Amino acid sequence: MKHVYGNCCLRLDFSFFNQNYMLMKKIILFVSFLSTFTFATAQNRTITGQVVDDKGSGIANASVVVKGTSVGTITNANGSFSLSVPANARTIVVSYIGMGEREIALTNNNTYDVSLSATKSDLQEVVVVGYGTQKRANLTGSQSSVKPPDIENRPFPSVDQMLGGKVPGLQAPQFTGQPGAAQNIRIRGTGSVSAGANPLYVVDGIIVNSGDLSRVATTANSIAGINANDIESVTVLKDAQSTSIYGSRGANGVIVITTKKGKAGKTKFRADAEAGFTSKIELPEGNRFLNAQEYIALLEEGVRNSGGSQAQVDAIAAQYGKGNGVDTDWLDLVTKQGTQQQYNLSATGGDAKNQFYLSGGYFNQEANVIGSDFKRYSLRTNYKHVASDRLSFTFIAAGSNVIQHTPNSGGAFANPVGSLPFLRPTQNPYNIDGTLNISRTGNNFSSQYNPLYIAQYNRNDLNSTQLEGSISGEFAILKNLKFTSRFGVDYNNLEEYRFWNQYHGDGVSYGGSGDAYNTRYFNWIATNQLDYFTTAGRDGNFRIDAKLGYEAQKSKQYNVSTRTEGFPPPNSLYLTINAATVKTASNNIADYDFAGLYSAGSVSYQDKYILSGSYRRDGSSRFSEEKRYGNFWSVGAAWNADKENFLSNVSFISALKLRGSYGLTGNASGIGNYAWRQTYGFGSNYNGLPGGTFNVVGNSDLQWESTYQGDIGLDASFLDNRISIIFDVYNRLSDHLIFADPISPTTGFLSVTRNIGKLQNKGYEFTLDATPLKFKDFTWNISFNITHNTNTVKKLPGGKDIIDGSFILREGHDYRTFYVREWDGVNPANGNPSWWVDSSHKTATGTYASAQRQLIGSASPSYFGGFSSTFTYKGFDLDAEFVYNYGNLVRDQWIFYTIDGVDPTSNKTAINLQRWQKPGDITNVPKYVYGSTNSSSSFSTRFLYKGDFIRLRNITLGYNLSEALSSRIKLSSVRIYVRGTNLWTKTYDKDLTLDPEAGVNSTGNLDVFFNRIITAGVNIGF
Amino acid sequence: MRFNNKLFIFCLALLQVLSACKKEFLDLPPYNAVPVDQAYSSEADMNTAVNGLYATLRNAATFGRALPLKGDLMADNVYLKFGNSGRYLTYRDYNQTAANAEANDAWNALYVAIKNANQIINADIASSKIIDQIKGEAHAVRALVYFELLRNYAKPYTVDANGLGIPIVTTFDQNLLPPRSTTKEVYAQIVSDLNQAYTLMTYNVGQSFTITATNSTKVLNSSYFTKYAAKALLARVYQSMGDWTNAKDAALDVINNGGFNLVPNGNYVSYWANPAPSTNKVESIFEVSLDNSGNLATNALAAFYQLVGYGDAWVTNELYNQYASTDVRRQVILVNTTVSAGNTVYLNNKYSNTSNAADKDDIKVLRYADVVLILAEALANSNDEPNALIRLNSVAKLRDQSFAGYSSSGQQLKNDIISERRKEFAFEGYRFYDLMRLNLPIPNHTKSQFPTVLFPIAADDFHRIFPIPQAELDVNPNIRGQQNPGY
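Line by line, the protein sequences give chains S and Y.
Its first residue numbered 8, the first sequence is counted upward by one per residue in the working numbering.
Its first residue numbered 3, the second sequence is counted upward by one per residue in the working numbering.
Quick caveat, the hints were computed from the structure, so don't treat them as lab data.
Please note that a few of the clues may not be correct.
In the EDC-like style, the derived pairs of lysine to aspartate or glutamate whose C-alpha atoms are separated by at most 20 Å in a straight line are [as the list claims (entries may be wrong)]: (1) S/K590 <-> Y/D361; (2) S/K382 <-> S/D513; (3) Y/K25 <-> S/E632; (4) Y/K449 <-> S/D910; (5) Y/K25 <-> S/D600; (6) S/K634 <-> Y/D29; (7) S/K634 <-> Y/E26; (8) Y/K25 <-> S/E633; (9) Y/K399 <-> Y/D462; (10) S/K563 <-> Y/D29.
Keep in mind that this is a model prediction, so the values were computed, not measured.
Based on the provided sequences and hints, a complete structural model is requested.
Now the structure itself:
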């Protein structure tokens, strides 16, 4: 795409202004001269003071302005100011972005010391909203923000992994310890069944392509390309009022990321360095696997129990390696201790006309499993030029390069974590001569591969380059009418390479294979917006804000995919240039466009009563002409009760606001760019000649998924902001849900994509921030949040159940309800497994197929959230962050192979040692029968566990050097800290065989274990 | 200065707004597909469509692996080795439920092939020799797929001709919810399709036609259906029905007019080693072609047999011992003493091209030897034992030059034909279906070999027939009460 700027398109006639410029200048001068007279009749005076934060240190560059005028100044480096104010000035407004705003009534006094504090529900805070900013007091919507102290210098590469437990309503379940992994986020429950359920990500006004953009790698995350240290705020928009302005894509919530900008003033530098170690998190007891002796003993018993003679027992035991002297600890071999380091350097500064922010960063983490690591280099610049008092430009350019290695997961034979269940302790990864064993016969690697060989010679490389760039201009047409135009680009280039070596593993039958996949996303977005505000009525009691804008976006994906086979002998030559045969070489393009008109407005009376609304009309290329456009709207209201006269004397209430909103948003993510079209495609080639088939059944009635959401909230703070609470009750109804509606396979298709159903999420969120203890040198802050969400499937096509693997969608139930046979236990008389036939539990059966599946529990938690506790004493601080989750069940799906004798060739867990052995034994583990066909290890409630847990996500002990000490070494601040991550977990089910944090579907998939990380670091400001 | 800045912003804004305002901005067609109604308009289109149809058969859940493997593994020719990859355990253990993956996947993939065949057959395009050939091929493929569905999901015709068969679908309708037609009705559809195919197709193996529009010539090798391939399939269909008169007639037409020959002994090994389809009318009548770009990689039938792939399926000792030491067919069975310590293992080597980067083993669907033996069986069942013996020995004595030939009669002759078929068509997916249509038990079904663990299967074991997939039952109310007994 080409855009021509500068000497462009139109020639407007500005000659009128040109000729009359001198006259205009004279008129303006005269008017201002006159006004000086008007003001000069009254007396000015000078007031001075200092603006400090809650620790008592001065805040530089805070703004002090006479309310209702443009008379003001900014504080110096110490936070001190001096301002000449007119005699009739009544109030000054002191503010600093991110720390709120305070109004101080002017008295006869000439000195004013003002303290600003950064607390979560400070209603004077200026917060980010969709397409702009607003005072929190005037918000009618529900949103939360996360600030740098909670996201800087964390041992996670992407900021979306740091939000869990910090934002009420937001669940961020992790599933793997792979650094750079995708992160599913659910805001107020899951709002879609098979379209996307993740929120929209907006970075500096650009709606970016987010999530896992890779095509070959096990997992990846484009948000990991953003250095979290460059982020000024992450605002999570949750209800209809805040998200509806994003219209067609805001149904799952919106995460607005704003990066750091320059600040006028002396140039400030910041250097951060951190280093530490990663290791595997503690695994539950049920995950222990047998050693060689235990394994063989169990095996022999199994063969005997299957009716084998002693000769057969001996023969099979020999086959499995009895007495071969090998006792391999696979867990030890595939896990390791890794390193973690990050370094960041930034500079910010400028003056009234130019402000800049520059930064560079390096992040490197090795996870606890072989072959899993992540490295990122990042660079950012944000430059703002104020050309005049009406015109300013901002230019942002940021880039990063991520290099990631990711092992396979799940049942892939090459998955190193799969060694635990699928490789036996009697198998030896080494030959007698010390070389790696790659034999495929006998008691060797005939199915699951030798993980050490695979880790050494296979490659799973991802090299991802990401660029964010934008240029925007702000022009004040009038003092209260501003025009902003922005053109932004979000560019992702992923180079993936997968090499299967020619000696052992998946590559053997091809003589080695190399797959090189390049994927490039070029996404541009153009936004033009007018912002207007005015006051009306007596004393300017009414304030009206409005915005109107037009936005167009085009994202084009360009893929090149190649596959080669037949590699020469040297293991070191793994690039495709060396291969003998090219199997696939193809390129493809896919694209999508959105264009829409958006508007929002609010009216407030004395900052006490606020009414607001928004409307957006969007069109998208993802739908057919008949259904292409959608209308999205919201209304909201708020009442700042603390400003009422009847509450003005109640001193312990610092702020009290009641708010509500309702509106309609849409979802278009995750449904494919061309899904509505009925098409005939190619690639079914025969004898090397082109072949085509009718392969997409399409649906020209496909339309947006819609979400209607209502929210009522209460924000209150007490005792001078020492305690604050936020409480929200919400109800989210997701309608026209897109789903693959199954049709009879006899048609030749398995499903048609239709807008079939309704899903509801309702619940509440509660946040409490408090400072229970506050003394001169010692403070204790706590922060607690909890979300309760109930998800219910409201409507399915024809009211029929849809069975989705181990889950069932049934009207009236949670969408992730397990559909599973109920385990009754083991018959003590004969050791056979037994299941309940139905939910009445009257009859039990020993035949798996005779037991009916029931709706048991759900993979979604009922309660989740986080809490943190911070102690500060003089320069020390100790901060602990917990995340917790209650009410869901987790499933171990791979235990099918490792428990009982159903699959004799797999490894076995220690739970098998509790097996039934003689009549009368009471146990939950059936008789161990080699090669049994009684389905005892098939999915049933036997393998569902309580997923409740509390996890200490981070605990940090830090020390800040005092100002005096710092300045002695010519630095403005020095902080050193030690942090532990994932150090402690409490679980609630003693039978757990896997970590309870298992992703959005609460199903373990043999992923890289979570990392326990210990780091130490230093932050220096100068 | 200021004016240029204003101009700059104005231009920026205007350009953006203008570029996004066009209606075409939101109308983005895909880069790799065309609307369905434009896809069958010319000879070149139809040729591409029939290529797509054949490619659909090349699916690991159907002809590509699961069905030919089933024919040997569910019988007594092959067993799964110790330390196998966990695939097809239900074939070995006869314990599938309605949720069985193999039954589900095969059903779905076979109906996809039927959909593609229907699209070609129903294409509204003027007739010509080439169009007729292509439509004839589609009829034949449709018949083949229906036959495969019927003999996997329904009781054999010989056991219950009026029993439930499978749904017949002949046009595309996404709202279709068909019940099962009877076995008799489905056979009638198959026979009608094959007769139609025979009439429409005018080309035999080795002949070629040219599409004038693209000036491309297509040589009809054994990987495409041809006139006599349809007849050969018809012979097999009649054999399955126990209709010996029609089976005899069909087989004779192929033998007398098709111009095919049995592969001579000297070329037996090289015939199997050759991964390419042929035009010389030796042995191969129809096969599903796999080549260097269109293949199933490690999921091919060949990779399931070869040690260099999964190598999970090994030859039962009992089958190996059926072959005389002078039988040329032993030369495609490898004797291996290293892969299982202390044991002698027999490995199928009919498919040896897993590592061949240039071409891959094709799936032999119809072979001349089958037609000859069908004729033998038909004659034996029509009281023409002398001719039956001639036909039987033409294969048996060719394969084993020192064999004196069969001279049996009555039931023994029929048994001999069945055991000759077993030896001839080992590893090609025939054995199980022979035992099914004759309603015979499988006493030597093998679970493992070292030590030998047999798992005899009775003739009325309900697991011999695939369940109608749970997914079909869940969606289709008309078929819901028609599940096969036992599931």
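These are the hints, each one checked on the structure:
A hinted pair counts as satisfied when its Cα atoms are at most 20 Å apart, and S/K590 with Y/D361 qualifies at roughly 11 Å. Distance check on the hinted pair: S/K382 and S/D513 sit about 27 Å apart at the alpha-carbon level, beyond 20 Å; violated. In summary, the hint linking Y/K25 to S/E632 is supported, as the alpha carbons are separated by about 10 Å, within the 20 Å threshold. With a C-alpha separation of about 14 Å, the suggested pairing of Y/K449 with S/D910 holds against the 20 Å cut-off.
Under the criterion of a C-alpha separation no larger than 20 Å, the hint pairing Y/K25 with S/D600 is consistent with the structure, at around 11 Å. In summary, the hint linking S/K634 to Y/D29 is supported, as the alpha carbons are separated by about 12 Å, within the 20 Å threshold. At most 20 Å may separate the alpha-carbon atoms for a hinted pair to count; S/K634 and Y/E26 meet this at roughly 15 Å. For the hint pairing Y/K25 with S/E633, the CA-to-CA distance comes to about 13 Å; that is within 20 Å, so the pair holds.
Between the alpha carbons of Y/K399 and Y/D462 the distance comes to roughly 35 Å, so the proposed pair goes past 20 Å and is violated. At most 20 Å may separate the alpha-carbon atoms for a hinted pair to count; S/K563 and Y/D29 meet this at roughly 14 Å.
In this structure, the hints that do not hold are numbers 2, 9, in rising order.
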